[in-house]
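One-letter residues, chain by chain:
There are 2 protein chains.
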Amino acid sequence: MTRQILALAGGVGGAKLALGLAGTLPHDALTVAVNTADDFEHLGLSICPDLDTVMYTLAGVANPETGWGRRDETWTVMEALGQIGGETWFRLGDKDLATHIERTRRLRGGESLSSVMRDLAARLGVKSAMVPMSDDRVRTMVTTDQGELAFQDWFVRLRCEPVVKSVRFAGADKAKAHPTLLDTADLGGIVVCPSNPFVSVAPILAVPGVQAALAKTRAPKIAVTPIVGGQAIKGPAAKMLAELGHDVSALGVARYYKEWVDGFMLDAQDASLARDIEALGLKVKVADTMMRNDADKRRVARDVLDFVDDLAVSGRHS
Amino acid sequence: MTRQILALAGGVGGAKLALGLAGTLPHDALTVAVNTADDFEHLGLSICPDLDTVMYTLAGVANPETGWGRRDETWTVMEALGQIGGETWFRLGDKDLATHIERTRRLRGGESLSSVMRDLAARLGVKSAMVPMSDDRVRTMVTTDQGELAFQDWFVRLRCEPVVKSVRFAGADKAKAHPTLLDTADLGGIVVCPSNPFVSVAPILAVPGVQAALAKTRAPKIAVTPIVGGQAIKGPAAKMLAELGHDVSALGVARYYKEWVDGFMLDAQDASLARDIEALGLKVKVADTMMRNDADKRRVARDVLDFVDDLAVSGRHS
Chain A
1 MTRQILALAG GVGGAKLALG LAGTLPHDAL TVAVNTADDF EHLGLSICPD
51 LDTVMYTLAG VANPETGWGR RDETWTVMEA LGQIGGETWF RLGDKDLATH
101 IERTRRLRGG ESLSSVMRDL AARLGVKSAM VPMSDDRVRT MVTTDQGELA
151 FQDWFVRLRC EPVVKSVRFA GADKAKAHPT LLDTADLGGI VVCPSNPFVS
201 VAPILAVPGV QAALAKTRAP KIAVTPIVGG QAIKGPAAKM LAELGHDVSA
251 LGVARYYKEW VDGFMLDAQD ASLARDIEAL GLKVKVADTM MRNDADKRRV
301 ARDVLDFVDD LAVSGRHS
Chain B
1 MTRQILALAG GVGGAKLALG LAGTLPHDAL TVAVNTADDF EHLGLSICPD
51 LDTVMYTLAG VANPETGWGR RDETWTVMEA LGQIGGETWF RLGDKDLATH
101 IERTRRLRGG ESLSSVMRDL AARLGVKSAM VPMSDDRVRT MVTTDQGELA
151 FQDWFVRLRC EPVVKSVRFA GADKAKAHPT LLDTADLGGI VVCPSNPFVS
201 VAPILAVPGV QAALAKTRAP KIAVTPIVGG QAIKGPAAKM LAELGHDVSA
251 LGVARYYKEW VDGFMLDAQD ASLARDIEAL GLKVKVADTM MRNDADKRRV
301 ARDVLDFVDD LAVSGRHS
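For the record, the sequence lines run as chains A and B.
So the first sequence is numbered by my numbering: it starts at 1 and just counts up by one.
So the second sequence is numbered by my numbering: it starts at 1 and just counts up by one.
The set of hints was computed from the structure by calculation and includes no laboratory data.
Note that CB positions come from ideal geometry on N, CA and C, so glycine has one too.
Among the hints, erroneous ones may be present.
Here are the simulated distance ranges between beta carbons [claimed, not checked]:
no. : chain 1 : residue 1 : chain 2 : residue 2 : range
1   : B       : Arg302    : A       : Glu65     : 47 to 57 Å
2   : A       : Gly229    : B       : Ser112    : 51 to 61 Å
3   : B       : Arg108    : A       : Leu158    : 51 to 61 Å
4   : B       : Pro26     : A       : Asp145    : 28 to 38 Å
5   : B       : Ala122    : A       : Phe90     : 17 to 27 Å
6   : B       : Asp28     : A       : Lys176    : 56 to 66 Å
7   : B       : Ala185    : A       : Arg159    : 48 to 58 Å
8   : B       : Gly125    : A       : Phe90     : 19 to 29 Å
9   : A       : Ser115    : B       : Arg292    : 28 to 38 Å
Counterexamples of contact, computed for chain A against chain B with all Cβ distances above 12 Å [said to hold, decoys possible]:
no. : residue
10  : His42
11  : Gly82
12  : Lys95
13  : Gly109
14  : Asp183
15  : Ala271
16  : Ala287
For reference, chain A alone in the conformation it holds in the complex (with noise of 0.2 Å):
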């Protein structure tokens, strides 16, 4: 059997490194299990911004520019919307809304989730495996200064501007993991994708036996870091490592994650961090992990790959 690799994605850094994976693995070797706290019911849809940026992006329809939705995308419909007195701050293209659509209709039949997606993500084109952390809700709250806010209402509509206090995951002690997350035994790797830690990486961690799962399975597990010169490559991870009180900078990060992981794949701009990493028992390797193109994004799952490799190699002999 192939080497097994589990990725642990959230959104746009995610779907980068998930894309990567998938254009390097043979398609029936990557699992992408992705993180739905970030979901929300808006407009009486069932919107799952992770899933489908993650889906989007392994089917080639994602749009460029954004990282999120679809590519060659209209807003008809958000006009039309707009124009009716209907909420827009959430921003839903045509294409996009299609799915949105089609997936609400589904899981009000009583499908799950997972079951949707799966079918959803063949009929895009995707041909490695997209799982969401749980076919039940979990929820991100966040605890700001201007009190608890659902996510996305921190995220989106207030532009992650109150400083966040604390970040919790509503129902997720009720939720069951998908099985993959728990099946960990026979994987070859684990990889932490460059998503925020907090909001994309942490609620897949919260789903009750995951993290016994990921403490059991001699797979090496390495996360890729989201933060390269002290800065988040694109949403809000810098600003909650400053705000809840760690680092902003790869070492807030690889400390954030060190209880569980095995190594961390750092940024050739942060070289300088390594020794500080190795020091906190992590194997540390040191690469160019900005994914622009296509092609970098290959080569940074190359080297992914080669690091969980010679984790598992120095694993057997240890």
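Put chain B on the given structure of chain A with help from the hints.
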């Protein structure tokens, strides 16, 4: 107080005359009560074909070619929906979808259909009042040679092909009529638009209290023929007349309405039927009822209102 006109309308034909009346009467003198038994849930959305046709027509944003849907429409969502295996037999344009999405969201939030439609119509610039026949769920079911079918299955999906044996209005017995339909005492006239007698007008009459309120008022009740030269201007009215055992003519419609209307407006092409319709006990007015453009619609509306006035005078003298 201005003479108040209540128009009973279904979709395209009803909307045409409603627009003519709206262009002829003061805004506060017209209420259009619209059939909702064609409504259905599709793609998880609450679709109200007749209400929307009337609303778009009165707002001047209706598609002039189809009579339903919005002008300058695009179909991006439908195409994307087809790509992911969704149902596309009921064509919903992008602009039109905004209406369904916003209505569905508000109905799910507990708002009444009449409240939602009042607001949506106002947002689109509709000045006259338009109300659903009821806020409660009524659904036309068509018994055919292929069994009982939900109306839109028969009408759109199967293109009216199955032979109609009978029609019923599920839920009508428990529906509460819109107050406008019950508060008929001070009306100046009731106009039955040239809509399908069996599936546009009959459902309105099937709501408890409506027939009694129409029987009680002294306001003249006149119907405009939906059949000209033995054919329906649009839709399956002629086919239904035949299959339900009626004369496929304006006379057949007049017979169907004779128990409760006072006057019947006949198209000039069918002038030879005037005597037979008068023999039913109805007053008859012969006019050009074809509404090809907005000037036509206003002309027919003026003829209708003159007919109402004639009957009001003759009523007072009788």
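Hints, one by one, checked against the model:
Range check, Arg302 (chain B) to Glu65 (chain A): about 55 Å between beta-carbon atoms, so the 47 to 57 Å window is met. Checking the proposed 51 to 61 Å range against Gly229 (chain A) and Ser112 (chain B) shows it holds: the Cβ atoms sit about 56 Å from each other. At about 25 Å, the beta-carbon gap between Arg108 (chain B) and Leu158 (chain A) misses the expected band of 51 to 61 Å. In this structure the supplied range 28 to 38 Å is violated for Pro26 (chain B) paired with Asp145 (chain A), their Cβ-Cβ distance being about 54 Å.
Our hint of 17 to 27 Å for Ala122 (chain B) and Phe90 (chain A) holds, since their Cβ atoms are close to 24 Å apart. Evaluation of the 56 to 66 Å hint for Asp28 (chain B) and Lys176 (chain A) yields a pass: the beta carbon distance comes to about 58 Å. In this structure the supplied range 48 to 58 Å holds for Ala185 (chain B) paired with Arg159 (chain A), their Cβ-Cβ distance being about 56 Å. For Gly125 (chain B) paired with Phe90 (chain A), a C-beta distance near 26 Å keeps the hint of 19 to 29 Å intact.
One distance hint, 28 to 38 Å for the beta-carbon pair Ser115 (chain A) and Arg292 (chain B), is violated here, with the actual separation near 51 Å. Chain B draws His42 (chain A) into its interface by the beta-carbon criterion, the shortest separation being 9 Å against a cut-off of 12 Å. A beta-carbon of chain B is positioned within 12 Å of the beta-carbon of Gly82 (chain A); the least distance is around 8 Å. The claim that Lys95 (chain A) is not at the interface with chain B is violated, since a C-beta of that chain comes within 12 Å of its own (minimum 4 Å).
Against chain B, the non-interface label of Gly109 (chain A) is violated: not every CB pair exceeds 12 Å, the least being about 9 Å. Interface exclusion of Asp183 (chain A) from chain B stands, the closest Cβ pair being 28 Å apart, more than 12 Å. In this structure Ala271 (chain A) is separated from chain B by more than 12 Å, as the shortest Cβ-Cβ distance comes to about 44 Å. With a closest Cβ-Cβ approach of about 36 Å to chain B, Ala287 (chain A) is found to remain outside the 12 Å limit, as its non-interface label requires.
When each numbered hint is compared with the structure, violations occur for hints 3, 4, 9, 10, 11, 12, 13.
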